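Peer 1: Take a look at the letters that make up each chain.
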Amino acid sequence: MSQLLIEPSPHIRCALTTQKIMLDVLIALLPAVIAGTWIFGLRALVLVVLCAAFCVIFEALFNVVTKKRQTVSDLSAVVTGVLLGLNLPPSLPVYMAAIGCFAAIVVVKQFFGGIGQNFANPAITARIVLMLSFGKFMTSWSAPICGSFSGTDAVSSATPLASPDVMPSYLDMFLGVRAGCIGETCIAALILGGIYLIIRGIIDPVTPVAFIGTVALCSLIGGHDVLMQLMSGGLVLGAFFMATDYSTTPMTRTGKLIFAIGCGIITSVIRFFGVYPEGVSFSILVMNILTPLIDRYVRPKPFGEKSRKEALK
Amino acid sequence: MRLNSIKVPHLKASADVRSSSIKLPEKVVIAMSQHGGVPCKPLVSVGDDVKTGQLIGDSDAGFSAPIHSSVTGRVTGMTKVLNVFGVVHEALVIETVPNQILSEEVRPPVINSREDFIAAIKRSGSVGLGGAGFPTHIKFSYDPAETEIDTLIINGAECEPYITSDHRAMLEEGEKIVDGARKIQEYLGIKRAVIAVEANKPDAIRNLTGLTAEYPDIDVMTLRPAYPQGAEKVIIHSVTGRVVRKGDLPSSVGCVVLNCSTAAFISDYLNTGVPLIKRRVTIDGNIVNKPRNLIVPIGTRACDMIKAADVRVAPDRAIFGGPMMGISFYDEEMPITKTTNALLLFSDTKKSHHNACIRCGRCIRACSMGLMPTELDRAFDKKDVELLKKLNVDMCMNCGACSYVCPAKRNLSERNQLAKMFLRDQLQQKK
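Those protein sequences? They're chains W and Y, same order as listed. For the first sequence, counting from 1, position 120 maps to 120 in my numbering; every step adds exactly one. For the second sequence, counting from 1, position 27 maps to 27 in my numbering; every step adds exactly one.
So that you can see chain Y by itself, here it is in the shape it has in the complex (with noise of 0.2 Å):
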């Protein structure tokens, strides 16, 4: 049995080119809440100098990953930003100093046990870099009493069109993504590990493939380039044959699924202590003049960003992330978190306009989780509860395949959400 898919374009124009840094930014806003989960509480307070590293945002909640400082410098205020789920959160400002100092705080961890491990990927503040930033150590601490993981899935499926990010990772630290995977699965006990990409990365599926050529129990495999590839159920599906049951999580069926860019981040971690407070964004779109990948501090704003991209005229639409699970927002101030991993500039946007469903069920044939996106777009107009949770719209995971067939510009990828709101908020107020 093979899940629906599309075709989408794959424009990835930054492929070939290397990843380079950026000048280091006069300030930087990094939010309080990175990821979907519990916010983070701020440790330190407007006047105090930070370095770079250094732990300024925790929570006790186990949901959650603790956040450092990206940069030197001192925090000068505290902000209020729009997070990619549309809520407010608190945000430090720091502006930077020119000498930037690593803190005393960052060594490597020293571990001796399973324990040791989880509790160090809990302490660097790993999330999940694919974009959707499941905390990392979260993924680890399952029971391995109760559950047995047999199947390490390296995700470098990167199915989104224009994102590069983790294509470079391949190429440019494959050698640390193999190491994290091993790690990961010398102290947890993973017996396979398999580093998933799609067939449309033959560069990287060549580097990795010599990279782990005397490892027999990691194995490269090649996905068919169909979106959406990368999603957390479909690619274990693609690669194990299991089928992750509705709520169920990956450790149900022995897997499980890190984002490559994770899996080389943890590596690194463990030889050198740095917490997560960088990444590689990619950055394109139709006014830029050189797409690439750039290596930019956690809460570099993205005024920074399209400063140093070369872009032809002033952007009309900014997203974060991909065009088909991306974000738009509207405030070039907007910082990047842990989870952006890329930065898409338009110009000239047409603003399109929907049209009545003419019933070709196209959505239905690219819904990956066997969902009828049009019927629940009905359902949702008549707001008819029973009808709603009888077509599960709550397994809807917002690809937006859907939205990107419909002849008819329908927004049924978005009208989805709104359903999946509207049904929490009906389920609670009977309770």
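Chain W extracted, bound-state conformation (with noise of 0.2 Å):
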């Protein structure tokens, strides 16, 4: 008797996995890391890094504890990690960054089941906690240095949000000479990684340019400067990265659309009324929770499906 395999159909797959397109998210990010490294030094790069490996360290453990299948090689948690150091200041403390990480991968990301369950972007989560219990090192900024890494001394700025009179030319707010996050300033880099996405096909269009779109509309109409709005804070970084995470984004491009346009609402309305300067992470928290309604409203209409009146004949 011949051993012949027995499975289901079908029996040939495409050769994406979870592991590729988190490789061309990181490789998306590369340009934006590159650049924090050069406006914000190389601490900026070792907080990346070691929020990176935080987050792998986290999962690791977390699934040797618990006894679950190791995951930390479909590269999710190295995604997280590095999003979650490009959305803090360069001069934040170490430590304070791990617990960020820990919030990110074990609070939000494990306790809801691993990747794919979560509700909430972990990144975006753990930036919240992070602001919510250390908003003084949040909100330090450090001016940008851009490649002169001999000067130590971090000297402190303000973020053009925060105090507008302190503002940059536009060519620098698009190349991200400015102080922020490290990982937010750099418009050019942000975008570079975007359109690698798009063309990737990772990610779909709709959600970056409806939320950046609304965003204009909102700035439009309340008399601000539109494209000062549209390049400071992390606006380009969470349209492009954030509110693109496949997890705790509506899966239908319908679905998608609102939540970048709620995305965007949300944003401006924080960000011309309320007592935060920035509103991009809380918009994408808000829309997080929102997406299983959306989903659950939001479906495709199945082909040549009866109305409830033809079915009932």
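There's no promise every hint is true.
Claimed, not checked - Here are the computed lysine-lysine pairs in the DSSO-like style, where the Cα-Cα straight-line distance is at most 27 Å:
| hint | chain 1 | residue 1 | chain 2 | residue 2 |
| --- | --- | --- | --- | --- |
| 1 | W | 67 | Y | 351 |
| 2 | Y | 431 | W | 306 |
| 3 | Y | 7 | W | 301 |
| 4 | Y | 307 | W | 306 |
| 5 | Y | 389 | W | 301 |
| 6 | W | 20 | Y | 430 |
| 7 | Y | 290 | Y | 307 |
| 8 | W | 306 | Y | 290 |
| 9 | W | 306 | Y | 430 |
| 10 | Y | 246 | W | 306 |
| 11 | Y | 290 | W | 20 |
What the hints assert, rightly or not - Derived contacts from chain Y toward chain W, CB cut-off under 8 Å, selection only:
| hint | residue |
| --- | --- |
| 12 | 246 |
| 13 | 315 |
| 14 | 360 |
| 15 | 368 |
| 16 | 400 |
| 17 | 411 |
Note that these hints are calculated values from the structure, not bench results. Values in this document were obtained by computation on a predicted structure and should not be read as measured data. Don't be surprised by glycine CBs; every beta carbon is placed ideally from N, CA and C.
Please dock the two separately framed chains into a single complex, following the hints provided.
Peer 2: What follows is the structure, given as structure tokens:
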């Protein structure tokens, strides 16, 4: 009797894997990491790398402790770590970053069932946890040094959203020569990475376009400097890399559109009327929570589905 | 509106090779269930001599097609075989003799009316040769007073990777396909016929375009290569733009869809009276040295085809049908049926292992029926009958596109089939 393997159809599968998707996201984040290092110095790079390492270690430990299959090789923990690192001010103490990684991986991701099961974006939620816990450190910004790595003492500065009187030029904003989180300032690098993800088919352009477009429209209506609004804060980073997270955003295109418009409106409301200077993180978190509801009501129409009336006939 | 589809590799290595016959096998195993529907009862018993083309299995049920002996020989046993639906059925084992004689029963049908034509098609044992095996006469027995059919679609899409049996039929028997289509048009009074072929078979399109040039009511249409282009509802939509509503048949939108090899068979049958006893089977896979099509008697066992196939090493996986919808089987004695369009043999199979869903939505964008496979997966996990119904799990045709695109390698289409069975059981229990 020969030994033939029995398996359900289909018997061939595409080459894409979860790991390859995560690798593409990491490649797309690389320009922002390089730009952040150039703008804020080597400490920024160290912080991002440490965040990725902490996230991997926490995920590995969690799997060992709970006797679950090891999942670190899917690279999703590395993505969370790098994203969280890019969302931190360059001068944040390392132990705080570690606490953020713990919140992201253990509390937000693994407690809810691991990859694909978490309802909130781990990096966003961790950033909010750190904001609420270490407000002073999370809002003390170092001035850009732009490649002059010799200078050791970081000069503190303010972000354009927090104090509009120290506005940099549009070009500086686009290149990221301003105070801010490590990965959010260099718009050029973020757009480069975002385009890579769109070309590779990893993200649907509808999310970043609708998110950024909504903020632009709200700024226009509210009489704010539109270009400055789009390039400041974490809008571009959030729109391309956080509001496109698979687990915590709707699965259908219409759902993604609703999600992104919601993010844009909430971001604008917080920016223009709220006590916080930046609203991207909160807007994405709020829309994360609404995602199951959106997915429940926005479903594709089955081919040739009969209306209720016809079905009763 | 364009239906969702996916890109699959074509891998049609056997497309340029002429079909060949194999040496007469020592024995054939003819299953009394060749397709979905009611199995036939054997009309011969152990020890009987049978001739090629002799009726050996039949059923009174409407949703059935008679079965004929594909060889001349002696019935030496009754056995049980597993059909592709996982159900065990009776099968006749026939040992062949060197002298193959056509049965006296075989004679060209005399046709004077539509009813004669449909009755003849039923006697021929014709079923769809594309894979699903729907009995052909049922497609034709609509009531012309109630249903108006204006389009006959001859399906030459052949969208599954590897398989080229229809492709070779379009090249080698193009005139029979056209003749079959014309006969069906004539007897059933269907105004227009469309032979629909995927653009990846330009030689077949050229051949058929040439052959149909003199017939203004037969068109050859080039379809975009996309999987599952050849699925019945999908090809109707691609050719006519019409939408077959859930639970309805193609006749509800004025269409009859027939596989191109079936059309060629019908032409052959009307001329010679030889029933459906052989077919073209593609043999391919990563251990097959010379991928090609073999014309084999129905009931030929896989092992006899493997012998004829020139394989490098013993297979660790064998599939009847294409890699997307075909069925893997464990027994090399498994015989081919009327619906087997390919035998694929593989070695060095890596066992894949599935991961958690990352909610990327690729399965939703892949589903041509507009379903949400990952949501169905979850609903089945929860055994949520209402949700499964609401998400239309019964519309899934198991094309496999969702599983194919899944980066987490989840067996989504398999889960849909389990969910369909579960739902059917639950609804029956309620009654």
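Peer 1: Can you name, in rising order, the numbers of the hints this structure does not satisfy?
Peer 2: Hints 4, 6, 8, 11 not satisfied by this model.
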